[in-house]
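Protein chains in written order, with UniProt numbering: chain U, 1 to 343; chain Y, 1 to 350; chain L, 1 to 240.
Be aware that one or more of the hints could be misleading.
[Stated by the list, open to error] Listed below are several chain U residues computed to face chain L (Cβ distance under 8 Å; list not exhaustive):
#1 R139
#2 Q227
#3 G236
[Said to hold, decoys possible] What the simulated footprint calls covered on chain U by chain Y, stretch by stretch (three residues with Cβ under 8 Å from a Cβ of chain Y suffice, anywhere in the stretch; the number is not a length):
#4 144-151
#5 163-173
Note that these hints are calculated values from the structure, not bench results.
Model, not experiment: these values are computed from the prediction.
Every residue, glycine too, gets a C-beta built ideally from N, C-alpha and C.
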Amino acid sequence: MTIAPEHNPVFARLGWRDRLGQSAPYLLVPVLIAAGFAAIGAPSSWLTLTVSGLAMGMMIFIMASGLTLVFGLMDVINFGHGAFISLGAYMGVSVLFWLSGWTEAASLALNVGAIGLAILAAMLFAGAVSWAFERTIVRPVYGSHLKQILITVGALIVLEQLIHVIWGAEEIFLLRPESLRGAVTFFGAALEKYRILAVVIGLGIFIAMRLVLRHTKIGLIVRAGVQNGEMVEALGYRLRLVFVGVFIAGSALAGLGGVMWALYEQVITAGMGENMMILIFIVVIIGGLGSVEGAFIGALLVGLLQNYVAFLEPKLALVSNIALMTAILMWRPQGMMPVVKAK
Amino acid sequence: MLTRLISGDTPRSPVLAALLGAILVALMFAPFLFPGVRALDTAATICIFILLVASYDLLLGYTGIVSFAHTMFFGMGAYGVALASIHMGRSYEALITGTVLGAAAAALFALVIALFSLRVRAIFFAMITLAVASAMAVLVSQLFQITGGEDGLTYRIPRELTPAFRLGEIFDTRINGRILNYYLVFFSCLMLFLLLLRVVNSPFGRVLQAIRENEFRAQAIGYKVVLYRTTATCLSAAMAALAGSLYAIWLRYVGPDTTLSFEIMLDVLLMVVIGGMGTLYGAVLGSVIFVLAHNYLQNLMGAGAEMFQNIPILPDLINPDRWLLWLGVLFVLSVYFFPTGIVGRLRANR
Amino acid sequence: MSDALLSLENIRTDIAQYHILKGVSFSVPRGQVTMLLGRNGVGKTTSLRTIMGLWQAKEGTLTFDGADITGAPISARARAGIGFVPEDMGIFGDLSVEENMVLAATNGMPDPARLEWLFSAFPALRTFWKSQAGALSGGQKQMLSIARAMIEDRKLYLIDEPTKGLAPAIISTMVGALRTLKQQGATVLMVEQNFSVAKALGDQAVVMDDGVVVWTGAMAELAESSALQERLMGLSMEAH
Chain U
1 MTIAPEHNPV
11 FARLGWRDRL
21 GQSAPYLLVP
31 VLIAAGFAAI
41 GAPSSWLTLT
51 VSGLAMGMMI
61 FIMASGLTLV
71 FGLMDVINFG
81 HGAFISLGAY
91 MGVSVLFWLS
101 GWTEAASLAL
111 NVGAIGLAIL
121 AAMLFAGAVS
131 WAFERTIVRP
141 VYGSHLKQIL
151 ITVGALIVLE
161 QLIHVIWGAE
171 EIFLLRPESL
181 RGAVTFFGAA
191 LEKYRILAVV
201 IGLGIFIAMR
211 LVLRHTKIGL
221 IVRAGVQNGE
231 MVEALGYRLR
241 LVFVGVFIAG
251 SALAGLGGVM
261 WALYEQVITA
271 GMGENMMILI
281 FIVVIIGGLG
291 SVEGAFIGAL
301 LVGLLQNYVA
311 FLEPKLALVS
321 NIALMTAILM
331 WRPQGMMPVV
341 KAK
Chain Y
1 MLTRLISGDT
11 PRSPVLAALL
21 GAILVALMFA
31 PFLFPGVRAL
41 DTAATICIFI
51 LLVASYDLLL
61 GYTGIVSFAH
71 TMFFGMGAYG
81 VALASIHMGR
91 SYEALITGTV
101 LGAAAAALFA
111 LVIALFSLRV
121 RAIFFAMITL
131 AVASAMAVLV
141 SQLFQITGGE
151 DGLTYRIPRE
161 LTPAFRLGEI
171 FDTRINGRIL
181 NYYLVFFSCL
191 MLFLLLLRVV
201 NSPFGRVLQA
211 IRENEFRAQA
221 IGYKVVLYRT
231 TATCLSAAMA
241 ALAGSLYAIW
251 LRYVGPDTTL
261 SFEIMLDVLL
271 MVVIGGMGTL
281 YGAVLGSVIF
291 VLAHNYLQNL
301 MGAGAEMFQN
311 IPILPDLINP
321 DRWLLWLGVL
331 FVLSVYFFPT
341 GIVGRLRANR
Chain L
1 MSDALLSLEN
11 IRTDIAQYHI
21 LKGVSFSVPR
31 GQVTMLLGRN
41 GVGKTTSLRT
51 IMGLWQAKEG
61 TLTFDGADIT
71 GAPISARARA
81 GIGFVPEDMG
91 IFGDLSVEEN
101 MVLAATNGMP
111 DPARLEWLFS
121 AFPALRTFWK
131 SQAGALSGGQ
141 KQMLSIARAM
151 IEDRKLYLID
161 EPTKGLAPAI
171 ISTMVGALRT
181 LKQQGATVLM
191 VEQNFSVAKA
201 LGDQAVVMDD
211 GVVVWTGAMA
221 ELAESSALQE
231 RLMGLSMEAH
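So here's chain U without its partners, still in its complex pose (with noise of 0.2 Å):
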């Protein structure tokens, strides 16, 4: 028995209505960019500013990208996912110390190692607490949101604390390598050297990212598992190892965010992971939950936003990311690419 004739399948064409809808999330960034320029006038201010914007985004976007798949692939929403951040920054910092010679040496091989250890180690670190943190604490409130709301805030505290038992409840000072001080002039725009690097590291764990996501075997399991989890295990994968997986590499980027973020600031606390979380939850409820791409435009949205209204309205710019997310739920309910669940 074959075909029926009647039977023709064609594909239907999207209008052109739909395929802007579709692409209207990716257009967001350079509107965004588009806009500042034409609020903030000076284009030496407004490329410090943009590219201040994407260093701040590039490092939020590597702190909310294991939260947004955690919640994708089980479900599971972890409020001490900030935790992580501090933790690797802690970790972090200590290396950096340790390496002083590296780092105050007049060499950007040596400063560049330096900080390459440093993340190892944070990510390393971040990873280890977050395998055992995922088999104490999240393993036993799968299926319930509320005790995993409940759990994890009080595991943050908990981890919040024993950084204040180890480091000391003092916020740390640290400067960058010697190297990534002082910023480069572009067109008469200042732009900072560290800030730079790091839209570089942002932008090469992105297509890193995307890499594996689209082109290995682990990144079909992981983007099928976050459709519908119950047929990826139909089909043989067992799912839970794969989360365990993503649980502990998303931590460790956290921690690796959480190095960079230090060296950002200059500074590190303990409390700051939790801070960070305010940021990431806007980001991953307007990128909507579960899509890496939607948590990537997000972040770089929330960054620019941030640095041009800190520019332009000091006072308001935490405020204009509550409007943003408000614009935004307006626009997209469920946040600009929302996962569709296959149920």
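With chain U fixed as given, assemble chains Y and L onto it according to the hints.
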């Protein structure tokens, strides 16, 4: 009569009934039983936190929604009274206006947040309230011309409610405005608590619990889930604001640390969980235990830290500044092992 | 029964507080197509989901290929050789058709000859190989779901209402593909509401009502007796 007053929601455990009775008596006669400024202050704080925690339980325990903006609503009531007293002058009208406006603002804010989040997913609510509440806290500290910033605001309330107003003596206790103020707080909290008890035991309250148990089923039966949840959110916010107003009247001071801070939010969460989610009597027990512990246990930890100062790490762990560490541990353990809290335990052991 | 590939013994499954399966027992013989029949809501889909492990049986024993799989995780059952086509098709809409198929081939890439055969059965899959699966029509999604289960040789295929909501022309494509599968000697347990499809494909029939099995026997016997159909399933003439 008594059963009707508590809307038929009996304690269902003799121990619980005895505890509640003792707390009621202790709070009602606090000025006479526990003389001293600090004791009366503790009693008033307990009354206000019972109301605050009970209003939070309406959301967390009865509706199954986690909010991190409850102290924001609490603060709205407090700042409402403070600002009205400053701008309208020392008067009862100012207190009433501030209270009403504070509660209205809280309900309106809650409505907007609920419309944005509950329509989509209950879990959005937790995240959005966290973001909004922290933005609000930053705003309050930045707009210091209006709010007093980190220093907060002090203001004057009608003389009859201050210690300067003297009435005479009963049972060797000097009756002054401070005691009148205490009874204003006590009876307001008692009435509002009984009102909340009525709400959760009304058909409305039962629908909320049905939604908490099984959202889809409630929806299928035909209840408008979003409408019910939104109403509960607004009601809970307004009640929190009222508690805030009372706190402002009692303290004659508002500031971010006493009303808005995230730490108070955690305290409230802990009180609900330890007392028992989904039962307003849990709010009573949780608040009493917690406020007493907060006021007196920290001293104990300080003494302990000094005692063990020669041992490594241990003094750091029981340093009074590490109070939050133990709260966090207690919190996590309670969610695991006593999800029904003290009240649940007492009722189970009947 | 020695030739049973799968057998259920007194399986009870609860969903929340509801008892859905109240002691289901039947077996699926090797190399045959067994039809699971009955009115809506009697527990057919729950039976399939319990076999797959998507619901956990509260009581009873599940034996598959000689091994007790009652408490086994979902993925272990899949790896033991059960292919599953769920009622909602379980398509990954954000993935391409190709990615859906690659994911189903648990042992690496799909076998080219097997793929060729699936393409000839479901030409639409070749046409839309690189397209997003979410954009397929309902019938195409159903074909993809079945093809996904068939991408490897499974010992047992669990297929939940493959013809639900499909146009007659697509139903005949579907029946053709399933008949080829049957001719290859596959073991199938299929839930089917369309009685003529059940009649065309089934060897054995298991009829359920209100959470228990009420009749088992040869499909031909059930197909011949309209009295039996009337009594077991409340089928009226127009359903044929």
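The hints, checked one at a time:
At about 15 Å, the closest approach between the beta carbon of R139/U and any beta carbon in chain L exceeds 8 Å, and the interface hint on this residue is violated. At a threshold of 8 Å, the smallest CB-CB gap from Q227/U to chain L is about 5 Å, leaving the interface hint in force. Interface hint at G236/U: satisfied, since its Cβ lies 4 Å from the closest Cβ of chain L, which is below the 8 Å cut-off. Interface restraint, the region 144-151 of chain U with chain Y: holds (6 residues with C-beta to C-beta distance below 8 Å; minimum three).
Here's how the region 163-173 of chain U fares: 3 of its residues keep a CB closer than 8 Å to some CB of chain Y, so the rule of at least three is met and the hint holds.
Violation of the numbered hints given earlier is confined to hint 1; every other hint is satisfied by the structure.
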